[in-house]
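Asks: For the protein sequence lines, the chains are A and B, in the order given.
This note's numbering applies: residue 1 is where the first sequence begins, and numbers increase by one.
This note's numbering applies: residue 1 is where the second sequence begins, and numbers increase by one.
Among these hints, one or two may not hold up.
Partial selection, computed: residues in chain B whose CB lies under 7 Å from chain A [claimed, not checked]:
id: 1; residue: Y31
id: 2; residue: R272
id: 3; residue: E273
id: 4; residue: V276
id: 5; residue: A297
id: 6; residue: R301
id: 7; residue: S308
id: 8; residue: E311
id: 9; residue: D390
No more than 30 Å apart at the CA atoms, straight line, and that leaves these computed lysine-lysine pairs for DSBU-like [said to hold, decoys possible]:
id: 10; chain 1: A; residue 1: K85; chain 2: A; residue 2: K32
id: 11; chain 1: A; residue 1: K32; chain 2: A; residue 2: K249
id: 12; chain 1: B; residue 1: K340; chain 2: A; residue 2: K391
id: 13; chain 1: B; residue 1: K340; chain 2: A; residue 2: K428
id: 14; chain 1: B; residue 1: K257; chain 2: B; residue 2: K367
None of these hints come from the bench; they were simulated from the model.
Note that the Cβ used here is the ideal one computed from N, Cα and C, for glycine as well.
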Amino acid sequence: MMKKIYFTLLALGLVVTNAIGQENQLSVESNKGGILLTSSEKDYQVKFNGRIYMDGTHYFDDVTDLSSDVSINDVRLGTAVKWGKWDAKINVSFGNDELKIKDAFLRYHQSVNSVFTMGNFFEPFGIETAASSKDLRFIGASNTSQAFGIGRSLGIGYTYYTDKLYASTGLFAGSIDNHNKGDQGYSTTTKLAYTPIVNENVTVQVGASFSYRKPEANGFSESFNDDDYNREVLLTAGPENKFLNADIKGAINEMKYNFQTLVLSKSFLFQGEYTRSNVTRDKDYVTMLMNDGPLYYVTYAWPTTPQDYADWYGEMRDITTEAYYVQAGFLLGDSYSYNSSTAYVNRPKSGSYEFLVRYDNTNLNDIDGTYFNGSFGPADEGAALGGAGNKSIAGGEAQTISAAVNYYLSNNIMFRLNYSLMDVDNIKHPLDDKIGILNARVQINF
Amino acid sequence: MNKLNFKKALAGALVLLSLGFVGCENDTADYNPFNYYQEIPLLELSAEAQAVRDYVKSDAVIAHRGSTFWAPEETEAAFRWARNMGADYLEIDLQRTKDGFLLALHDNNLRRTSNIESILPGKEDLPVSAFTLAELRALDAGSWFNVAVPENARASFENQKICTLEEVLKIAQGYRIKRDVNGEPVKLNDGPAWEGLYEMEIDPQDNGNRPGIYAETKEPYLFGGMEQDLADFLTEKGWNINSPATLAVAPAGDEGKVAYTNGRFILQSFSRESIVKLEQSLPGVPKCMLLWLDESAGYVRPSNTLESLAEFINFSVENNCHIAGPSIAGKPNKYDDLSKPWMNEMYHRAGMIVHAYSFDTEDQLRKYNGDYFYGGESRFDNPNREVSGDFNYDVNKNMFIDGGFTNLTDLSLKYYNRGTGKTAQEVLNELGY
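Please construct the entire structure, taking both the sequences and the accompanying hints into account.
Replies: Following this line, the structure appears as structure tokens:
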């Protein structure tokens, strides 16, 4: 519903400005390799933007097969329009034959550094997943960010920044991709980054983000007339989401915390993030009991209280998972410069080479039971053999070392080459140990 | 770094991109069991456990429920037939009555193998544990067979009784139930408080075979404390090798027969919980982990067979299961095949022997003893048989079974070049059926 409102507003805005625009003269210029149309009063601007990612990925798989491939991973086309203090951006992705709506928002710039945003845009959380993929240092985000990052949601937000402070907060109503029945989830997310030292020689930033989320509904349950019964939080990362994959069902809400740090010193960069997620789970055992009723097992009846379900199948306790990464970079041919409006670094200038290494540790396990042959039982082996269950989450754990080389041919073309070695430990893939990933990307954006 | 040499840059990029494709030989073998069954880590039975494993007779012929084909299963008729036919073991399913008597019966209720619907209507879906032994003795556990397997029907099967474990032990030692002139079993301590026991007598038709017993325990939630009850009962009756004081000694002439060896009583179960309890109550007694294919944690999972099997094998070794009991494919049961060559190799690598279930045809006996790898030749005909073909396997004995649960003891014995040469019907006739 909210999606439809936003798009109607945007469409109306464009139609209206078209009418106004026809009365003004527009000049055409090239801006950083893109096309920019500006009105004579400079209060109306239209930009066309686009992107192509040409990727090649080769997996040195262990036991579980992974599919190496070459693909056009993303193609984007979009436009950004500015009318005085208002601007709007639409960006659509056609990667892998799928149509996805990316940026689609309306902004009001109260002043240069105070912006209200409404539409589909990045929730302000952490570094990597609050940034566009074209601006990341590696091809794609780290496993930490893939698993715990948020990305774009529909909502409203406010951002204020100075050279030393970046603050952004928002209230969001779920993902644009969710078409399930049931009330949408929602979230509120806030990011604060403080850069006490920012000068030509060194920049030091520390920041923290917090998000409180109610997960999306996963459809209606006809028998319970309820849409809360199977919300889930899905944390996935890594090659084909196989080795890091935690499906937390019965989720009521999720709280995510993130700490970030960024240090820039001439040609050196150090960046790190730590993220932690706590999912509260529940199951409506009272209604289940009313629906099922007790069954008779020759000498006893079961279940007779709602707690019987939890005692037998396992408690739906909170699930806590965490991950972090640290990366270091060296820039040949330029120095890193900080951009306070994004709280991240600017794109290095043309002709630069960038070298990076990264260590990532992602742990999606929260286990308090015994495991045998595909399912969990209570920690007490006797109870486990008797058939009782346990609601542990075994999403897997992985430590990944990566290295990257980036060549910034121009403002619009760059070449990337990454190699990662992933040490995986996943109960569902017991024979897999070390996975190698070599990927290359030709990135074009304007 | 001011002027860009475009050609150099492009060449550089191409070189980098091609690294991925050049640098790859076929690194790891495709993920399927045939590539990994020899490498997947498996525990091995300890030396003590292997010594217990060796109590079991090699090439054991295990009479599944006595017989399911020639006589009503798990009745006196079936067990006497299996004994006289020459089986090495009488196989039973253990259950327990309400008043604590241990029985041999397979199903979860009495509907299929008795006339309970006529005698105790409304109770046909209740388990054995809902009845006393005396109540169960009122049932006819034989007539159903005459209807279900009409080609093997015999009038004398009518009014066969559900057997107690004690009766099975005695039959193995050459006894039979004492019957009066009308063929009715003679009650022991008859009276208003009759417990349900019958008198037993030496079987005049006994031919001297002394098989052991191969008993299956069910999930403990069905019969709580069964494992300890079994241990106590076997101690009392002289069948528990852990209790030498009470252990039955072979009468003259019976030395070395299975019923008087350390392999006289073998335990088996599908239930891991029961296996753990059996290891506690009857340690050092040969034990078999029965295996079945089903997508659940309690069985070998078809979606993940290699790892699942490894987990079961490792559990078995940790709990001293000396024998693996996998299902075999083929008519008439059409079970899933958990006795494939690579699976048998895994069981043997862990130190276990393989007793597969259950055999009904000669084709199955030949297949699972490996004959088709040796040009159709059986090792019982030619112990020095040679591999005939190019299989990509190192064909060896570990790919095949060590013994089997059979519904046709006569067929199995003939295949093993053993037995008296009599037909099943002849043996039944001799026994008076």
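Asks: Does each hint hold? Answer for all of them.
Replies: Against the structure, the hints:
For Y31/B, the shortest C-beta to C-beta distance to chain A is roughly 5 Å, which falls under 7 Å, so the interface hint holds. Annotation: R272/B was flagged as interfacial toward chain A, and the flag holds, the nearest CB pair being 5 Å apart, inside 7 Å. Nearest Cβ of chain A to the Cβ of E273/B: about 4 Å, under the 7 Å cut. The hint holds. Checking V276/B against chain A: minimum C-beta separation of about 6 Å stays under 7 Å; hint holds.
With a cut of 7 Å, the hint placing A297/B at the interface with chain A holds, because the nearest CB-to-CB distance is about 4 Å. Satisfaction of the interface hint for R301/B is found here, the shortest Cβ-Cβ separation to chain A being roughly 6 Å, below the 7 Å cut-off. With its C-beta approaching chain A no nearer than about 5 Å, S308/B sits inside the 7 Å limit, and its interface hint holds. Given hint, E311/B at the interface with chain A, holds; its Cβ is 5 Å from that chain's nearest Cβ, closer than 7 Å.
With 7 Å as the threshold, the beta carbon of D390/B stays out of range of chain A, its nearest partner Cβ sitting at about 27 Å, so the hint is violated. Between the alpha carbons of K85/A and K32/A the distance comes to roughly 22 Å, so the proposed pair stays at or under 30 Å and holds. Restraint check for K32/A and K249/A: not satisfied, since their Cα atoms lie roughly 46 Å apart, outside the 30 Å limit. For the suggested pair K340/B and K391/A, the alpha carbons sit about 34 Å apart, so the restraint of at most 30 Å is broken.
Taking the CA atoms of K340/B and K428/A, the gap is about 24 Å. The hint holds against a cut of 30 Å. For the suggested pair K257/B and K367/B, the alpha carbons sit about 29 Å apart, so the restraint of at most 30 Å is met.
Checked against the numbered hints given earlier, this structure breaks hints 9, 11 and 12; the rest are met.
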